[in-house]
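So the chains spell out like this:
2 protein chains.
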Amino acid sequence: MENRQWRLHARPKGMVQAGDFEKVAVALPSPGPGEALVKTQYVSLDPAMRGWMNDAKSYIPPVGLGEVMRAIGVGTVVASNDPSLAAGDLVTGPTNVQEYAVAPAKQWQKLPAGVAPPERWLGVLGMPGMTAYFGLIDVGQAKAGETLLVSAAAGAVGAVVGQIGKALGMRVVGIAGGADKCKYIVDELGFDAAVDYKSGDVRAALKEHCPKGIDVYFDNVGGELLDMALAMLRRRARVVICGAISQYNNEGGVVSGPKNYMSLLINSARMEGFVVFHFAERYPEAVMALAGWYREGKLKAREDIVDGLDQFPDALLRLFRGENFGKLILKVA
Amino acid sequence: MENRQWRLHARPKGMVQAGDFEKVAVALPSPGPGEALVKTQYVSLDPAMRGWMNDAKSYIPPVGLGEVMRAIGVGTVVASNDPSLAAGDLVTGPTNVQEYAVAPAKQWQKLPAGVAPPERWLGVLGMPGMTAYFGLIDVGQAKAGETLLVSAAAGAVGAVVGQIGKALGMRVVGIAGGADKCKYIVDELGFDAAVDYKSGDVRAALKEHCPKGIDVYFDNVGGELLDMALAMLRRRARVVICGAISQYNNEGGVVSGPKNYMSLLINSARMEGFVVFHFAERYPEAVMALAGWYREGKLKAREDIVDGLDQFPDALLRLFRGENFGKLILKVA
Chain R
0 MENRQWRLHA RPKGMVQAGD FEKVAVALPS PGPGEALVKT QYVSLDPAMR
50 GWMNDAKSYI PPVGLGEVMR AIGVGTVVAS NDPSLAAGDL VTGPTNVQEY
100 AVAPAKQWQK LPAGVAPPER WLGVLGMPGM TAYFGLIDVG QAKAGETLLV
150 SAAAGAVGAV VGQIGKALGM RVVGIAGGAD KCKYIVDELG FDAAVDYKSG
200 DVRAALKEHC PKGIDVYFDN VGGELLDMAL AMLRRRARVV ICGAISQYNN
250 EGGVVSGPKN YMSLLINSAR MEGFVVFHFA ERYPEAVMAL AGWYREGKLK
300 AREDIVDGLD QFPDALLRLF RGENFGKLIL KVA
Chain U
0 MENRQWRLHA RPKGMVQAGD FEKVAVALPS PGPGEALVKT QYVSLDPAMR
50 GWMNDAKSYI PPVGLGEVMR AIGVGTVVAS NDPSLAAGDL VTGPTNVQEY
100 AVAPAKQWQK LPAGVAPPER WLGVLGMPGM TAYFGLIDVG QAKAGETLLV
150 SAAAGAVGAV VGQIGKALGM RVVGIAGGAD KCKYIVDELG FDAAVDYKSG
200 DVRAALKEHC PKGIDVYFDN VGGELLDMAL AMLRRRARVV ICGAISQYNN
250 EGGVVSGPKN YMSLLINSAR MEGFVVFHFA ERYPEAVMAL AGWYREGKLK
300 AREDIVDGLD QFPDALLRLF RGENFGKLIL KVA
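Protein chains in written order, with numbering that gives the first Met the number 0: chain R, 0 to 332; chain U, 0 to 332.
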């Protein structure tokens, strides 16, 4: 049997190209002692993948040239050499972008049956959900009655951030691209207002919908929107740096720094980054909370599923063009 | 009798010019009910004054055109219409840049006699000292054993930051301009190391003296040094934004944003600004602590005193050129 996989072929310069990846087929791997072989069902496509492709120091090592592209996925155990897992178990873990993956059993997290469809564990109940949870509650110190602004608000993380904000009793304003996404976050997800960054006077719209200013800005995009938000901070505001997707594909990796950062000084405000992996010991707490809101209907999920391993490079590019609508997932099997 | 004063004549474009101020002589003011008339002895010259000259929203309103330039000073009460103050009392407060000032008695803080020479209340025992205290301890969350980097380290605030850092048991590295200032902060103030930003390979020197990276960066300058420090943050580091003197006189008020701000994300680190006025209710705590270190010889003071009210514009310009060595003060009487 064969295992088809996507490997990193070249380090991108600026925007990712389909040619930065190479599709190969290798023999099916066998699990060693303590390991399990998993058949990939779904693979999560995330903005963070762009960072893993750069040869730069970060919170984890870059993907090496010629290595299978790193990804988190959901799959089914085919064979296990560890008593904690058995064939047929549904798990999430480092599938990477391939049909079959072997990893130590402790890297595969067993998922409960019947709670949600498998792909949901890559979205609102998975890393994006937990990123939203720790980012908003711990880093952002969100409080009822405050004004929350979130960018990429129809995206995998942003949509959960806004819904948690509503569950906590905040005024929630989302920034998204296009009328459909803006309508979705207000009508379906219950945001108080949406600002379309692709049309009209964005600054004026932000002022209209955040009349008292911003207490928490949850930033997924960086660039000009970050500067606009900084200019509207309230006293002791918190800016949560979760990502900067507008900057990831810049030529030469040069990032545009926030020119308005002195707003932190005049408002005694804070800008704080985080990596969800640093909260690993508290994942169970986050999953419990997210599953609770999900059951109560306070946390709605939307996935944008692309079918077929062959589609991987094109699907990833849709993410950086802002073309996905909902959590972008690749269906592998 | 006459009261000579410097008024704001024009809003500076880029670097402050002597012609942005106008010297006038007016009649000596009389204190109204509840007010006191103070004869100015010393006036503090601070980087923040540049911000007060811009017609922009900030933590306090700008100085109006034609108004006396705002400044904090030390002086002697000449006449008082409030029982809390009597002629002859030494006070600190809003003298502004003039020979005599009238203000409500509660805006004048009475200073104890015999603790320190009057000018010291504008330096290590005054706003710069308290700025260092709250910035390092509260905002920076400084801890023994950590590495502290401070810019403008021979300046009024930076010198106190480094000395408090040593008193708390930190490894302290200062950035200053020129061999004299670098020698001073190490030999006289007890810093562990100094980096001269005007000579040699600054990045290499920072790496040499902060081999484990930076836990707390106390920033007074902004610009390229801020970016270098961001690139060296340790996990959960704190960047304290106290000022950005390298940026205050930029054409058009455009500030260079920190390109490396995504270091906050990969290191789960924080950048936080503050204004010392927001800690007003805790000033007594800070003064007690600073006076204690001062008595014990752990907090050394150095003032750079320019003699004569006429020298005001030139003296202020020295500050922005980095030509002062120690807390810059104008002697008025």
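Check each hint, because a few of them may be wrong.
Note: identical chains are not told apart, hence a pair may lie in one copy or across any two.
Claimed, not checked - Listed next, the in silico DSS-like pairs over lysine-lysine satisfying Cα-Cα at most 30 Å (straight line):
1. 211 <-> 258
2. 56 <-> 258
3. 206 <-> 258
4. 165 <-> 297
5. 38 <-> 197
6. 197 <-> 258
7. 206 <-> 12
Honestly, the hints are just simulated from the structure, not real lab data.
The hints, checked one at a time:
no.	hint	in the structure
1	211 <-> 258	both (22 Å within a copy, 29 Å between copies)
2	56 <-> 258	both (24 Å within a copy, 16 Å between copies)
3	206 <-> 258	both (19 Å within a copy, 26 Å between copies)
4	165 <-> 297	within (9 Å within a copy, 51 Å between copies)
5	38 <-> 197	neither (40 Å within a copy, 59 Å between copies)
6	197 <-> 258	both (21 Å within a copy, 24 Å between copies)
7	206 <-> 12	between (37 Å within a copy, 28 Å between copies)
In summary, the one numbered hint that this structure violates is 5.
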